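Number of protein chains: 6
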Amino acid sequence: MSAVRGNVVVTGITRADRSAVDGLAELGVSTVHEAQGRTHLLDPALRPVFRGARVAGTAVTVSLPPGDNWMVHVAVEQCTEGDVLVIAPTSPTQAAYIGDLLATSLAARGVRGVVVDGGCRDVRELTEMGFPVWSRHVSAFGCIKETLGSVNVGVTCAGQWIEPGDVVVADDDGVVVVPRDRAADVLAAARAREQRETAIRERYRSGELGLDMNSMRGPLEAKGLVYVEQEPPR
Amino acid sequence: MSAVRGNVVVTGITRADRSAVDGLAELGVSTVHEAQGRTHLLDPALRPVFRGARVAGTAVTVSLPPGDNWMVHVAVEQCTEGDVLVIAPTSPTQAAYIGDLLATSLAARGVRGVVVDGGCRDVRELTEMGFPVWSRHVSAFGCIKETLGSVNVGVTCAGQWIEPGDVVVADDDGVVVVPRDRAADVLAAARAREQRETAIRERYRSGELGLDMNSMRGPLEAKGLVYVEQEPPR
Amino acid sequence: MSAVRGNVVVTGITRADRSAVDGLAELGVSTVHEAQGRTHLLDPALRPVFRGARVAGTAVTVSLPPGDNWMVHVAVEQCTEGDVLVIAPTSPTQAAYIGDLLATSLAARGVRGVVVDGGCRDVRELTEMGFPVWSRHVSAFGCIKETLGSVNVGVTCAGQWIEPGDVVVADDDGVVVVPRDRAADVLAAARAREQRETAIRERYRSGELGLDMNSMRGPLEAKGLVYVEQEPPR
Amino acid sequence: MSAVRGNVVVTGITRADRSAVDGLAELGVSTVHEAQGRTHLLDPALRPVFRGARVAGTAVTVSLPPGDNWMVHVAVEQCTEGDVLVIAPTSPTQAAYIGDLLATSLAARGVRGVVVDGGCRDVRELTEMGFPVWSRHVSAFGCIKETLGSVNVGVTCAGQWIEPGDVVVADDDGVVVVPRDRAADVLAAARAREQRETAIRERYRSGELGLDMNSMRGPLEAKGLVYVEQEPPR
Amino acid sequence: MSAVRGNVVVTGITRADRSAVDGLAELGVSTVHEAQGRTHLLDPALRPVFRGARVAGTAVTVSLPPGDNWMVHVAVEQCTEGDVLVIAPTSPTQAAYIGDLLATSLAARGVRGVVVDGGCRDVRELTEMGFPVWSRHVSAFGCIKETLGSVNVGVTCAGQWIEPGDVVVADDDGVVVVPRDRAADVLAAARAREQRETAIRERYRSGELGLDMNSMRGPLEAKGLVYVEQEPPR
Amino acid sequence: MSAVRGNVVVTGITRADRSAVDGLAELGVSTVHEAQGRTHLLDPALRPVFRGARVAGTAVTVSLPPGDNWMVHVAVEQCTEGDVLVIAPTSPTQAAYIGDLLATSLAARGVRGVVVDGGCRDVRELTEMGFPVWSRHVSAFGCIKETLGSVNVGVTCAGQWIEPGDVVVADDDGVVVVPRDRAADVLAAARAREQRETAIRERYRSGELGLDMNSMRGPLEAKGLVYVEQEPPR
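Residue numbers (the working numbering), protein chains in the order written: chain A, 1 to 234; chain B, 1 to 234; chain C, 1 to 234; chain D, 1 to 234; chain E, 1 to 234; chain F, 1 to 234.
This is chain A alone, in the form it adopts within the complex (with noise of 0.2 Å):
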């Protein structure tokens, strides 16, 4: 699918399979990241209105105009258990599409959390709620409701491509997503990064060191790396 035309709902979305979205979201954003290649991440300026939540979710998708939230509403009725919605104005803007209480529609829904290319409010509602927002900003300005944008489409959010189903890995280190059909690859890749990441840590615990366990000293010298002592201090 190319890109939006006209103002359109997309109903019956396909969504990433839950065990693998499950899967993904004990792994964490840095491992997935790498386990697809270094892909897929979203703008690093996106940030937890809070520390601490790690979620993976499937991705419903909204673009919608700078300053208007009015297709948020649209996009919380088709927003299920499981999912993350997505909201991807079509131009730069701070103003908050989120706030606790459409935080509160999306939480009895069963949504996991919102990722949002511009700004979200009420952030010490959605703390004390424990209802996790990714956001470029944060600020206290609404938004009007007056201009369609569309729901489950593709969008570019924070530099990425998302389509409805996708799979969206959020925590303290950022936000990345997963194309729906290669959650089950990329699941497995991660969790045998994690095994890899799991041994390594322990031997650096152990005092190991990375030049030894890579074997790098070999390269390094062949690529002309020199020591030398420090001459003693005047």
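All the pointers check out, no bait thrown in.
Given that identical chains are not distinguished, each listed pair holds provided it fits within a single copy or across any two copies.
Here are the computed lysine to aspartate or glutamate pairs in the EDC-like style, where the Cα-Cα straight-line distance is at most 20 Å:
#1 K223 to D212
#2 K145 to E77
#3 K145 to E197
#4 K145 to D212
#5 K145 to E208
#6 K223 to E77
#7 K145 to E221
#8 K223 to E146
By construction, these hints were calculated from the structure, which means they are not laboratory data. Note that the coordinates shown come from a computational prediction; the quantities given were computed from them, not determined experimentally.
Position chains B, C, D, E and F relative to chain A; hints supplied.
Chains B, C, D, E and F alone, transformed into the frame defined by chain A:
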């Protein structure tokens, strides 16, 4: 009153009514901002140095040069119980206008917090004291004390005009100012809004949709919104 | 010593005196920065990945290319108990030079923290470990391992020149460097300042004003400051 | 087509119709952007390295790592007369992906310009050549050639999804993309808009007001706009 | 006058004296800014869309919502020969409030330029027209026309308070505002400064040093400045 | 030499060889930067106040406080024909350290340009004079003259360490520094690079591809690059 002229300290300022101030403190920035027609919100780049504080107080204002906080000492004397100190440099600067020493002096006078369109330091000590500051920067770089400014004149701070005695409301969502003689009206409007929101929150929590509560379906269709079933994945 | 030439690892560096380092750790960035004449403060854009840490250590420095952390593995071997690793890319980058694996390796060697003018990832894991990192960015985007750099040469990191063995002090206010052979002097000056501040804090707490404690009223008047009574509100 | 998988060069791409492309070049970014419903505008942070160019061409796309332009050499071969090269790093970077040498190679193939969500260098030489580049940064820092990417796959560049063969229009106002199969429709709409604007411009020039031409006075009054005489100055 | 209330258009505003305005236009922003005590300088992030213009005019002000320029049409009617239109959104936005059509309408009324704390488009056409605009952004993204604001009320624009009828001076150095009733005084002070600078410039050109012209050597030595011969290079 | 201590003016500095300096001026920033291994490039945020200048000169350095340019007057006296003045504030600031008056004084001494990690003003006059300045900001806000700094000590300016007498090369691509005693070697390497590039440019112009000239096809295939024909459009 128009712009600053000469270097003056205005004494005996008229402050907003205390009960209105205290009422606004309970409602928070986003609600107050909406209640006064989405005006008077300071630049969202001002952030609290720690999370969870929510205060309102009457503004004591300082206009001063970049990197010079001599006039803050003058302003402290003008502060009394229930005030918020508003520090407005005449040009962008990252220098720290406020740290734990001045905060101690302000706290001793009953000041509720500081808003500064510049830097703040001693973040750990301020957090331990529970003395809230909203600033554009955190920086250890201190100020000199060479050049005059003015206290309790109208200032622009982080993009908004603030007069002495106005109400400053600040929390995790940012900072908003309420003109002194509008405090009671804004409080009434904000309380009404809060009540409406409490009712809405309850309905959202029970699963009702904004689309239905706000009768949006008709207007959306009238503007041309179309629902389509997703094609089955290839 | 002037600029970097070729790719070298300097071994056997002279480190600042440990007791001076430990003394500086107690005083914090803002006090140390003042005590050495407001110099050597790193760009305030470097922020801690979690709040509340306050450390000082001797610098092991790494100069390396944007997006490539091969030399960090080389640097780990040069670190010992009480060091802080300083990572200085030669060009701006958001890539993560440090995550929980390298942090584990560094912690195993007694390293007290990392300062990086680039990205950091695994924020949740670092927080759980209590291993502090000050970075310009948080990003899951990892580094490649292709190009050499140098270890324990003088580097500019976030706007300041740092030589191996210098003292790096870091806390919630940012990061400051103390040249190795000035550590004792700066410590003495910082302690003296801390003592003065403790006395001032006590007087502020009891309600005394900075205006009086610092005899500012005369100089302010001499420069032309005028006090005027506010006109009654219309 | 969904996201990038593996490292591929797609050959024999279908390009937008040349006459539509050339028509769009005459109209400019702002008109084209309006004509397709205010969508597909790249981040305004992309700026031309010199003023006054206005081009349109068919996109040859490159997805590649931060700081590595090896794939640009691969992409050059895929370019032909009338193309615009679109360079989309997978992560934010300031590195220069394009300079006067690659520009010479591209110009020799009839390429009309380059859009890069990263850095550009040799600004003086590009200006002398009259070869236009739109970039996020100007930086002398070059790229390495170590890691693969893909050519002629869908990419997100500066916040917009671009597919190979789409039309890229760029001028002093920025960069907009027109999906390949919408080029003719958008051209027609843009021409119609241009004609309307020419008429409006003439009426404005003669002193007519937008208020009257657009019959705004009634709606403004209905919304509550009030005209008041200024009080005489005190 | 304090803050905006309701949506009003204030007519019949008192403008600064024309001859003072024209005098200020010749002197430029930096000189005027100095002449009024380094106050009232707008945020340097406002930049001219083309170089070389230097204008002064009387402010017609507009306060309006982010992304909505309906009120600009209302403001045009309030403009007359010698004015500068000042556009102040209530919240940060990149949307283009002004392009070549509105510029044509303003030029037809004798308006000398526009200052906007938001976006501008049609840069090429504005350059060809020679109609100067100072803006924070260049963006093709247009505004909607849905929500009211106010014309000729006091506004904060790019960090400074501007009242209708004040003098706005703008050139390649930025934008400064001179309060209406201070225009004559500031002009006199600016002319005096200009004369002094002309004399200084002549002496500098002939090789005289600022150190001597300003008798700085004594004060520098008194503060502790020391001259030392460089050690011969090793 | 390590960090700044006390406030000193170092006289009689050793400057890089004039013929090497003049040779570097012809080659430009990007070529010189490559020729010394992609090191010593100042932050790309420093931009020329007008386009088209290309200079090289020997550094006279100034370390001074934010917003205070007293020491620039001291530095002027230390400048001689062929120098470039490097102004390095100790903390971020937008204040203008240089305008047309100081530029006149510097030009009278044969100084070739100024590099300042802060603000610049009088852009129009500097452009008319043809006196080039590279700065981080353009701002009319001037400096005070209250606090000492040092002249001709090592400084970090815009992220790079610069010692007095080093070569500063600056053009539209930015600013790079060449350590004094490497000037001849870097010049030789840069000339060799320039020659190679001239040859490459000619071959590119004639249509030859980088893929072939650099024998990249084999390595690309070995890394796994695959060519596929695009499917016909649906």
